[in-house]
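Taking the hints into account, I'd like the entire structure generated from these sequences.
Taken in order, these protein sequences are the chains called A, B, C and D. Sequential numbering of the first sequence, starting at 0, is according to numbering that gives the first Met the number 0. Sequential numbering of the second sequence, starting at 0, is according to numbering that gives the first Met the number 0. Sequential numbering of the third sequence, starting at 0, is according to numbering that gives the first Met the number 0. Sequential numbering of the fourth sequence, starting at 0, is according to numbering that gives the first Met the number 0.
Calculated from the structure, these hints are not laboratory results. Positions of the beta carbon are idealized from the N, C-alpha and C atoms, including for glycine. A portion of the hints provided could be inaccurate.
Stated by the list, open to error - Simulated crosslink set (SDA-like; lysine to any residue; CA at most 25 Å straight-line): (1) B:38 with A:71; (2) D:79 with A:234; (3) C:279 with A:69; (4) A:232 with A:258.
As the list claims (entries may be wrong) - Reference excerpt, derived from the structure (chain A facing chain B, CB under 8 Å, subset only): (5) 41; (6) 43; (7) 44.
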Amino acid sequence: MITGEIVSNTILKDSYYKVEFFVPEICAETQPGQFVHVKIANLRDRILRRPFSISDINENGILTVIYKVVGEGTEVLAGLPAGTVCDLMGPLGKPFSLPRENELPVIVAGGYGSAATYLLAKRSPVKGILLLGARSEADLILTDKFAAAGFDVRLATQDGSHGHKGLVTELIPPLLKEKSGQKIRFYGCGPTPMLMALSKMLQKNGFGDGEVSLDHLMCCGVGACFACVVKIKTDNEDGWRYARTCKEGPVFTADEVYTDGE
Amino acid sequence: MITGEIVSNTILKDSYYKVEFFVPEICAETQPGQFVHVKIANLRDRILRRPFSISDINENGILTVIYKVVGEGTEVLAGLPAGTVCDLMGPLGKPFSLPRENELPVIVAGGYGSAATYLLAKRSPVKGILLLGARSEADLILTDKFAAAGFDVRLATQDGSHGHKGLVTELIPPLLKEKSGQKIRFYGCGPTPMLMALSKMLQKNGFGDGEVSLDHLMCCGVGACFACVVKIKTDNEDGWRYARTCKEGPVFTADEVYTDGE
Amino acid sequence: MADLTVDLGKLTLKNPVMTASGTFGYGFEYKDYFDLRRLGAVVVKGIAMKPSHGNPTPRVAETHGGMLNAIGLQGPGVEKFLHGDEYMPFLRKSGAVVIVNIWGKSIEEYRDVAARLEAEKEDISALEINISCPNIKEGGVAFGTDLNLAHQVVAKVREVTSLPLITKLSPNVTKIADFARAVADAGSDMVSLINTITGMAININTRRPKIANLTGGLSGPAVKPVAVRMVYEVSKAVKIPVIGMGGIMDGDDAVEFMLAGASAVAVGTAIFADPYAPLKVIDGINAYLERQGCKSVKEIIGGMIR
Amino acid sequence: MADLTVDLGKLTLKNPVMTASGTFGYGFEYKDYFDLRRLGAVVVKGIAMKPSHGNPTPRVAETHGGMLNAIGLQGPGVEKFLHGDEYMPFLRKSGAVVIVNIWGKSIEEYRDVAARLEAEKEDISALEINISCPNIKEGGVAFGTDLNLAHQVVAKVREVTSLPLITKLSPNVTKIADFARAVADAGSDMVSLINTITGMAININTRRPKIANLTGGLSGPAVKPVAVRMVYEVSKAVKIPVIGMGGIMDGDDAVEFMLAGASAVAVGTAIFADPYAPLKVIDGINAYLERQGCKSVKEIIGGMIR
Ligand SMILES: Cc1cc2nc3c(=O)[nH]c(=O)nc-3n(C[C@H](O)[C@H](O)[C@H](O)COP(=O)(O)OP(=O)(O)OC[C@H]3O[C@@H](n4cnc5c(N)ncnc54)[C@H](O)[C@@H]3O)c2cc1C
Ligand SMILES: Cc1cc2nc3c(=O)[nH]c(=O)nc-3n(C[C@H](O)[C@H](O)[C@H](O)COP(=O)(O)OP(=O)(O)OC[C@H]3O[C@@H](n4cnc5c(N)ncnc54)[C@H](O)[C@@H]3O)c2cc1C
Ligand SMILES: Cc1cc2nc3c(=O)[nH]c(=O)nc-3n(C[C@H](O)[C@H](O)[C@H](O)COP(=O)(O)O)c2cc1C
Ligand SMILES: Cc1cc2nc3c(=O)[nH]c(=O)nc-3n(C[C@H](O)[C@H](O)[C@H](O)COP(=O)(O)O)c2cc1C
Ligand code: FES
Ligand code: FES
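Have a look at this one:
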């Protein structure tokens with residue numbers, strides 16, 4: 000647990016906010032895909048921490064989180080002024096593995112998923128592609144930053160306002176054709192239904208080494224409470240087990256993801 | 000319940016603070032000795048209101064409360080900046096009756112008691128005397144304002160640092176001698192032991208029409224829950240009943256106060 | 000505006016929101032705040048045969064997300080309630096739907112209060128029997144924690160009144176559904192729950208209990224999950240209507256109780272934080288119904304999907 | 000520094016602060032946070048004979064001042080616990096005082112787990128028997144809500160082990176003191192309480208329970224008053240030491256439990272808010288003792304003044 004001051008906390012777009020913490024100790028160790036577990040100051044009637052992916056870090060010890068206001072915790076967080084001191088645990092969780100030099104990284108994201116994979120894009124040795132899906136324009140965030148990082152940004156919106164009209168996973172088949180010669184490495188982060196569809200597609204098409212970051216309700220954040228589990232295929236009697244997303248994840252390979260049922 | 004903005008909220012002295020609310024509706028009706036029941040914004044894990052005596056009001060709709068930080072509620076209150084909107088119920092409770100033209104008002108106070116009786120002094124047709132007791136200098140507040148209102152301020156501190164060394168009630172016998180010709184009307188507000196001693200003394204010396212303001216733990220503030228009761232002498236089988244300080248008080252006559260036992 | 004009327008057997012209310020007994024006095028105390036006719040019903044503080052002092056002070060203590068109280072049922076007694084200006088005569092004039100909460104220290108006292116109210120029952124819509132009080136005769140065991148006593152109290156009251164009877168259940172039991180069944184068998188037309196959960200708090204500086212009575216009843220948002228669970232269990236166990244309460248602070252909380260199986264709800268501790276809480280709960284339920292496209296509040300009763 | 004050692008019958012601890020089972024994993028998960036030897040004891044998550052999946056998700060929901068959980072006792076089973084790197088072998092190396100929480104779906108399973116642990120009991124300081132699990136054989140009624148079953152479980156475990164036995168009591172009963180007496184009679188050396196209070200929460204937008212298992216156990220500061228009351232009742236009813244828990248967030252809370260009669264305490268949900276909570280509780284108890292001029296923590300056990 001590390002105490003860190005909020006350096007800035009501002010609206011990014013619509014209901015998305017960007018908060019920067021000064022936490023050099025965490026920054027020093029962060030790898031893409033990891034998260035921080037934040038005790039939101041002033042959230043008194045609710046006592047649990049809130050997990051947020053680390054979107055970016057810099058050499059000045061500034062850690063960036065992009066969050067969407069969805070409930071009481073994020074609402075209170077959005078109201079905290081610069082200077083507020085917060086408790087953070089982190090970096091937590093198993094990171095994404097970086098793509099190899101010979102791999103084309105394709106990131107499939109939705110919701111805050113682009114924020115959660117930005118550090119991966121930044122650190123990737125190869126400039127890749129971001130497939131970003133959203134219900135509408137309001138949920139398309141960080142596209143400029145991915146572009147600046149050299150990524151080819153392709154959009155899908157359900158209302159058709161930007162890019163492909165439909166689901167982001169529908170961008171994958173044409174992409175596979177287009178890049179048919181290349182070795183692709185998939186990464187996914189976003190709403191659970193999207194990740195399930197993505198994992199299924201990757202399993203079928205021989206991209207089972209692709210990595211997805213699963214977002215589950217968390218409690219301890221360190222593997223102690225078994226709150227955050229997700230069904231993962233395993234070589235045991237039942238063929239599956241409940242793995243703790245906070246410690247054994249949040250990143251799992253697409254092959255592991257149990258897409259039948261739950 | 001009235002919504003009122005905090006106009007200012009600053010340290011008065013030591014652990015005493017002064018907060019001003021803009022609540023013209025309450026000011027218009029306030030009589031000395033009444034209180035407001037305040038829902039402290041941001042006090043989320045504790046849900047009850049906090050009662051505070053109305054220390055002063057003015058024609059601009061500003062209501063002043065002087066409070067001492069003693070626990071979580073008052074601590075959070077002390078941190079609320081100007082501009083914060085609070086819920087207030089009030090004015091609540093039975094007020095002091097003003098002294099008549101031919102009566103010399105003597106206010107006996109301790110703790111925040113001087114704050115709670117200041118409006119009484121201000122509205123009194125006759126300039127009287129304030130007997131103010133405290134453990135030490137830190138608890139002597141509003142002496143200058145009473146002096147400015149024309150009151151003769153006499154102090155007692157337990158450590159002897161200011162005025163009489165000892166209890167404030169010890170100032171009463173000499174005062175009675177000094178003013179033996181005059182009709183005195185007593186008023187008391189302060190810690191319960193002081194009020195018990197005072198009431199006993201008044202009962203014995205024929206000043207049973209003196210009024211004391213009793214401070215009890217409150218809940219609803221309007222007489223509905225029976226949380227705030229105090230034993231009051233009554234003409235019934237038992238000789239006493241539990242009276243609600245929020246509605247039947249907080250002001251009672253010294254004669255009513257049950258000083259035997261509890 | 001959605002249709003908020005609810006049917007509680009013989010009793011139909013214009014909306015499902017009542018005040019919880021003991022938290023709204025006798026209605027009189029809140030008369031300057033709003034028109035009492037806006038409430039589904041006003042449930043008054045518990046009435047016994049005789050006036051009673053209640054417990055020594057301190058009687059309340061704040062806790063995390065709630066409060067403890069041991070008021071000890073201070074009250075005017077049934078005669079003064081029926082004829083004193085600030086009680087039933089005021090309520091009659093107010094036009095409010097009145098439910099009278101009753102208690103006693105013996106089965107006979109319960110019966111006697113009910114009989115006395117039955118004799119002047121005009122403008123009384125129902126009686127709520129509070130069985131959480133200790134039975135003095137039986138050595139202090141609460142009527143509400145002994146199946147047999149609970150049944151007997153209700154049966155005896157049933158004998159003397161034709162008013163709709165609500166029995167208010169204690170949460171301090173292993174299986175609350177058994178109690179609901181027992182009082183339904185004894186003739187209760189409805190059950191209400193939960194009453195407070197017994198708790199305790201100690202001032203560590205003085206080392207004394209924060210409540211003079213030693214223990215008190217816990218209420219407020221802290222207890223809501225326990226209350227919702229019990230309402231669910233009870234509504235599965237009995238066919239009579241269930242009135243849910245325990246920590247309701249807003250319309251969403253009330254909806255949660257109704258989805259769990261409550262046909263109506265009561266607002267208690269929230270009133271101390273905000274006297275308008277019951278009205279806000281009514282508005283909040285309506286807002287939920289409109290958001291969800293429901294025409295009537297009846298559509299959500301027991302509507303939880305498993 | 001005041002003397003913080005406490006005697007729990009056969010067991011002496013350097014300080015009265017343990018971790019509550021299920022909230023501190025197997026100690027391993029917090030190894031990078033602090034030296035486990037600083038704790039009075041580490042109580043590990045419940046161990047059964049076989050590995051078990053636990054319940055479907057969602058397993059937790061936040062509530063006002065607390066949380067509901069229905070983890071369903073996911074765990075590695077006793078063999079892996081005794082020999083897997085992240086379990087007992089790690090704890091042995093850590094030097095922590097280890098208490099193993101055990102559970103089963105039948106009386107026999109409880110006995111078998113205890114026997115298995117007895118066989119390799121080196122570095123195990125005590126067993127804590129969690130009787131809040133449903134008894135599969137008897138149709139799901141929890142061992143901890145049936146006096147007879149509670150007695151039998153403890154008696155059977157007692158037969159196979161000489162380790163100090165702690166029985167963890169369920170608060171979901173009418174009279175918890177009766178259960179304390181029953182398990183003391185059956186040979187339990189201590190009791191710990193409270194386990195979680197059964198509760199429920201519904202997402203009003205989806206109309207589904209927030210916990211897949213429907214009900215879950217309520218813990219956290221919301222339950223503290225109920226826990227303190229039960230610790231008081233139990234400590235008056237039995238002579239064996241009582242370990243108190245339920246909503247302890249800081250040293251002051253722990254002191255409250257000890258004044259009520261607890262000889263030691265456990266910190267649970269608070270760990271999720273702050274992994275260092277148990278250490279802060281230790282420091283807070285010490286600060287209180289120094290403020291009050293107490294030389295030893297033993298001076299405050301049961302020290303409430305009535
Ligand atoms: C490993 C991990 C990384 C995460 N990273 C991020 C991140 O970078 N940015 C971010 O914005 N969020 C992120 N989340 C989600 C974030 O933790 C939750 O949004 C947050 O805890 C909600 O807190 P709250 O108090 O505002 O909402 P609550 O009051 O707890 O919940 C309000 C409602 O929103 C629902 N809800 C919860 N999470 C989400 C969600 N993600 N989207 C939509 N609805 C939700 C709840 O089920 C509930 O109905 C991450 C979660 C995990 C597990
Ligand atoms: C009619 C009435 C008028 C009041 N007027 C004023 C006023 O003008 N100014 C003012 O400062 N206070 C006044 N009080 C007292 C004030 O209401 C309490 O101090 C306040 O509620 C404490 O809230 P808290 O959350 O800070 O303390 P809590 O956390 O509720 O209590 C902290 C500790 O302080 C103790 N405590 C409570 N009240 C007092 C007190 N007055 N003095 C010392 N210790 C106390 C409690 O027992 C507890 O141990 C008045 C009370 C009443 C009933
Ligand atoms: C101060 C107070 C007094 C109460 N008095 C009574 C009472 O006289 N009769 C009764 O049946 N319930 C009484 N109750 C219990 C409430 O009616 C209600 O059942 C309980 O408080 C739970 O609801 P809440 O959490 O909304 O307050 C009282 C509760 C409080 C807080
Ligand atoms: C997530 C979680 C898991 C728990 N698992 C167990 C368990 O395996 N065995 C057990 O006896 N108690 C278990 N408990 C109960 C706690 O040990 C403790 O009795 C209870 O939470 C009350 O303490 P608290 O309020 O400090 O958390 C669990 C509690 C929580 C919150
Ligand atoms: S959040 Fe506790 S195990 Fe993952
Ligand atoms: S505070 Fe409720 S009656 Fe006085």
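We went through each hint and held it up to the structure:
Taken as a hint, the residue 38 (chain B) and residue 71 (chain A) pair is honoured in the structure, with Cα atoms around 20 Å apart against an allowance of 25 Å. A threshold of 25 Å between alpha carbons decides the hint, and for residue 79 (chain D) with residue 234 (chain A) the separation of about 17 Å falls inside it, so the pair holds. Distance check on the hinted pair: residue 279 (chain C) and residue 69 (chain A) sit about 23 Å apart at the alpha-carbon level, within 25 Å; holds. A distance of roughly 9 Å separates the Cα atoms of residue 232 (chain A) and residue 258 (chain A); the hinted pair therefore holds under the 25 Å criterion.
Hint on residue 41 (chain A) holds. Least Cβ distance to chain B is approximately 6 Å, under the 8 Å limit. Among the interface hints, the one on residue 43 (chain A) holds; its C-beta lies about 4 Å from the nearest C-beta in chain B, closer than the 8 Å criterion. Satisfaction of the interface hint for residue 44 (chain A) is found here, the shortest Cβ-Cβ separation to chain B being roughly 4 Å, below the 8 Å cut-off.
In summary, this structure violates none of the numbered hints.
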